[in-house]
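Chemist: Given chain A's structure and the hints, the job is docking chain B onto it.
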Amino acid sequence: MKAARKEDHSAVDENLRNNLIEIVRKKVFETFTRSTRLNDIQMVELENKDDFVYGHWLSFILISGSAIKIMLKMHFSTIATKKVLAKKMRKEVPAISDRVALDFLREQCNLTAGGIKATLNGQGVITGLSIPLVTRGFDEAIFSDSLDPSKIMDAWRLEWDDGSIVCSTVIEILKEQELATLKESSFGKEEEEDGEDLDGEFL
Amino acid sequence: MTSNIRPLVNEGQLAEAVTADGLRASHDVMISLEKCKSSSENIIDSLPDIFAIITRDGRILKGNFEAAKCLNVDFEQMIESNITDLFHGETKLIFKTKIEAFPEGAKEVTFELPLKHKDDRSVEYFWTISTFDQLSRRRGQLFRVLGRDISEIREFEKKLTQIFSAIPLGILTVLANGEIEWPYSQYSEYLLDSSVLDGKNIEDVLYKPVWENLDSVEKMGASQLVKAIGTDPMWFELSKLHFPREIFKSGSDGEEGIWLGISYHPIIHENVVEKIMIIIEDKSEVIKARKAMEVQRHIEDGRVKRILEVQECSGALLEVTFSDFDNLIPRLIKGVEDRDLKIISRALHAIKGVARTAGFSIMKGIVHECEEQVVTNLDSPEKVDWDKLTYDCQSIQKESDELRSVCFALTGRSNSLQIRHENFQEVILGLHTLLEKTSSTHHDNVLNIMSRLGISHKSKPIEFMSFNQIFEKEAIKFSNRLGKKLTLEFNWYGASAFKNDAEKFYEIFLQLMVNAIEHGIEAVKDRKQKNKAESGRIIFNVTKHADGVEFTVTDDGAGIDTDHILKIAKENRYISPKKKLVSREDVYKIIVKPGFSSKGDEQNISGRGIGLSSVNDAISSLGGDGIKIASQKDKGSTFSFKIPLKMIQF
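Chains A and B, in that order, give the protein sequences.
Read left to right, the first sequence gives residues -16 to 186 (the numbering used here).
Read left to right, the second sequence gives residues 14 to 663 (the numbering used here).
Isolated chain A, as found in the complex (with noise of 0.2 Å):
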């Protein structure tokens, strides 16, 4: 199988920049709000983007194509995890284990990325699904150790009133003509939901 050629994006088109990030926070969104029954969570801008560590634990996922390639991190701590799940189980925080709390958020990046996946195949973009895996949170400062400007990065905060993760996502574009339809200004609005109830996946 031949590799495709890695093309410089340093000048990506800015709509096709733009709803990919859209894309992937959205789906972070919906997944978390819908997987937590969480009312208050809010997305907010990060003060830095290019931190080496943006929490203890950091669950992960590559979501791949021979277009575009996407590395959807979460960055979490086990005790906020615990009390979302807490809240929603109806159980106390210490009854929570930690692998139930691990688990949660390897989910989480398995529904997301299944979420972008359909997503891009809804536009003709067909990629694949690695394995979710959970790793300590300072691994981030040797994924992010060299800075590739032909990659789109972004990174933001999920908050709620008693916790936050932060979420972060590395887009790489091999075909950019292959992702015709995702340069349209009005892709995201016109998205409509899938209509999966992701909530009985996990628990």
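It is worth saying that the hints were derived from the structure and are not from the lab.
Just so it is clear, CB atoms sit at the ideal spot from N, CA and C, and this is done for glycine as well.
Do not rely on the hints blindly, as some may be mistaken.
Unchecked claim - Partial selection, computed: residues in chain B whose CB lies under 10 Å from chain A:
| # | residue |
| --- | --- |
| 1 | L36 |
| 2 | M43 |
| 3 | K50 |
| 4 | E54 |
| 5 | D62 |
| 6 | I66 |
| 7 | T68 |
| 8 | L74 |
| 9 | F88 |
| 10 | E89 |
As the list claims (entries may be wrong) - BS3-like mimics (lysine-lysine), calculated; alpha carbons at most 27 Å apart, straight line:
| # | chain 1 | residue 1 | chain 2 | residue 2 |
| --- | --- | --- | --- | --- |
| 11 | B | K48 | A | K66 |
| 12 | A | K52 | B | K50 |
| 13 | B | K641 | B | K580 |
| 14 | B | K318 | B | K304 |
| 15 | B | K82 | A | K66 |
| 16 | A | K52 | B | K131 |
| 17 | B | K401 | B | K347 |
| 18 | B | K641 | B | K583 |
| 19 | B | K648 | B | K557 |
| 20 | B | K82 | B | K131 |
| 21 | B | K401 | B | K304 |
| 22 | B | K240 | B | K288 |
Modeler: Just chain B now, with coordinates in the frame of chain A:
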């Protein structure tokens, strides 16, 4: 085979299936790697030391449980902490400076800095800060921090230092270049008179100050000490034999010097002597005591030697020897006072001759040494060390006194406290009887008492008849020399005495016999003229009385010529020349006076005229009442004495 393969619909489906299998395999590998990573993270988390990766401003990007514990924060919240939060006050500033001023190009810095634990306890930590080079410096240099709790090591060191300070031993180690290394015991500085030993050469501080006091072997050993480092242990052990073990270090400012005892212990690594541990101790007291013991032993040896030599001498020889000493030693002392080397030399020579004749080796040695000193400087008196000569001559006098004292002790004439001889004899007999009759329980006690009294339980009385053969031999020897003939008759009746006493009896009888041969028994021709048998007779007789045992030695010789005795006595001022009427008994008393001799000729056999005096003394020492003499012209003489009954066994 082909029947098991499910037929695929088309090539697209086949490619999808292969891709799916590949993905599954990759996923399995990823899951395994995730587990490995997690395991590695757990190892770091559980490190007993503080571990953290930080930015230059101290922000913690990664840390372990110990770091979180010391920071007193939740493990997962640690990434919001700063490493300097571990510290307070001045230590915080020091640590901050260590990171901020981390030298460019350096890989690592180490230092000690205490931490305050939750309980406000200050704990010593050893810190290692090194660069974290797995990342680029795009966002600044990262550092790896390791902090080790060394409080236990410090506590141990503290205790060791306390012991090292208190222990009255010099303990130090010497490196291959001969330098003393830190640490060493504080006492080492005192013993080696040096405030700092670290880095100093062992030969300079240990051997150099005492070099003159070392003998040639020790000097050789001292120069080989450093060379022995780096050799194999066996070679070291051989070299060690020559290393100085006891050295005398002179005191400064009039202080008394000290004796240092030194032991050498190899520190071996991979069968090579890497260093030497030297232990030095002040052995002054031990060595002084040992030297005093050696002197004492020397004195004791001399005393024993004197006793043996005095015992070897006959009573007659002793008498004349001391008589000569009495004449010569005052002459010697006078010579020293007058600083007259010729007199001193002659006196010394004469004393040496007398000592040699008596077999007094110690006296002979002292005199010889002194004489050499005098003879060497005979022509140049100014070179004589008169103080030394005076001291040596005093030593000669002391040696004479010592010999006399031994002689008195042996012959029972000592003025010191002693058990009276007959009582002592009674004790011996009693103990022997007790030994035979006592139960085994007290047997050892009796033996112990006998041992302490210097009596052997195995000693048996010596029968006088055992003297017969020797006396006969001696009699033949003397009589032949004088052209006389004689027969001996012994009537001992089984009499015997314990060893020491028997020896005295032997001396008494021998002296009386020799006296009788020389002065009593006439020559053959004289006897013929007197119509006597050619052979003279000497009879030894023992008679047991109720109050003692009487011994007699009778000869049938010429008897004592009282006129001749009287004449000599007057000539030698034993009695006044004007005295005219003198009884036979008075004459006999003159015979037994010390120094009296009926002849001036020194060739006399029976000891130079002092024999009867010594006989009389020996009888007294046995508890006897002194010698009695009965004599008749041309009929013979009888010498008799009585000894307490308990002294003799039959």
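Chemist: Hint by hint, say whether it matches the structure.
Modeler: Against the structure, the hints come out as follows:
1. Interface restraint check: L36 of chain B against chain A, minimum CB-CB distance 7 Å, threshold 10 Å, status holds.
2. Among the interface hints, the one on M43 of chain B holds; its C-beta lies about 6 Å from the nearest C-beta in chain A, closer than the 10 Å criterion.
3. Restraint check, K50 of chain B versus chain A: the minimum CB separation of about 6 Å is within 10 Å; hint holds.
4. The beta carbon of E54 of chain B is positioned within 10 Å of a beta carbon in chain A (closest approach about 6 Å), and the interface hint is therefore held.
5. At its closest, the beta carbon of D62 of chain B sits 18 Å from a beta carbon of chain A; the interface hint therefore is violated under the 10 Å criterion.
6. Using the Cβ-Cβ criterion of 10 Å, the hint placing I66 of chain B at the interface with chain A is satisfied: the shortest such distance is roughly 7 Å.
7. About 7 Å separates the beta-carbon of T68 of chain B from the nearest beta-carbon of chain A, less than 10 Å, and the hint is met.
8. Restraint check, L74 of chain B versus chain A: the minimum CB separation of about 5 Å is within 10 Å; hint holds.
9. Because the beta carbon of F88 of chain B sits about 8 Å from the nearest beta carbon in chain A, less than 10 Å, this interface hint is met.
10. At about 4 Å, the closest approach between the beta carbon of E89 of chain B and any beta carbon in chain A falls short of 10 Å, and the interface hint on this residue holds.
11. In summary, the hint linking K48 of chain B to K66 of chain A is supported, as the alpha carbons are separated by about 26 Å, within the 27 Å threshold.
12. Simply put, K52 of chain A and K50 of chain B have alpha-carbon atoms about 24 Å apart, close enough for the 27 Å limit, and the pair holds.
13. This hinted pair checks out: K641 of chain B and K580 of chain B have alpha carbons roughly 21 Å apart, not beyond 27 Å.
14. Restraint check: the Cα-Cα separation between K318 of chain B and K304 of chain B comes to about 20 Å, which is no more than 27 Å; the hinted pair holds.
15. Annotation: proposed proximity of K82 of chain B to K66 of chain A holds, straight-line Cα distance about 23 Å (limit 27 Å).
16. Restraint check: the Cα-Cα separation between K52 of chain A and K131 of chain B comes to about 49 Å, which exceeds 27 Å; the hinted pair is violated.
17. Restraint check for K401 of chain B and K347 of chain B: the C-alpha separation of about 16 Å stays at or below 27 Å, so the hint holds.
18. The hinted pair formed by K641 of chain B and K583 of chain B meets the criterion: a straight-line CA distance of about 22 Å does not exceed 27 Å.
19. At most 27 Å may separate the alpha-carbon atoms for a hinted pair to count; K648 of chain B and K557 of chain B meet this at roughly 25 Å.
20. Under the criterion of a C-alpha separation no larger than 27 Å, the hint pairing K82 of chain B with K131 of chain B is consistent with the structure, at around 9 Å.
21. Straight-line distance between C-alpha atoms of K401 of chain B and K304 of chain B comes to about 23 Å, which keeps the hinted pair within the 27 Å bound.
22. Of the pairs offered as hints, the one joining K240 of chain B and K288 of chain B holds, with about 11 Å between alpha carbons and a cut-off of 27 Å not exceeded.
Figure legend: structure checked against the earlier numbered hints; hints not met, in rising order: 5, 16.
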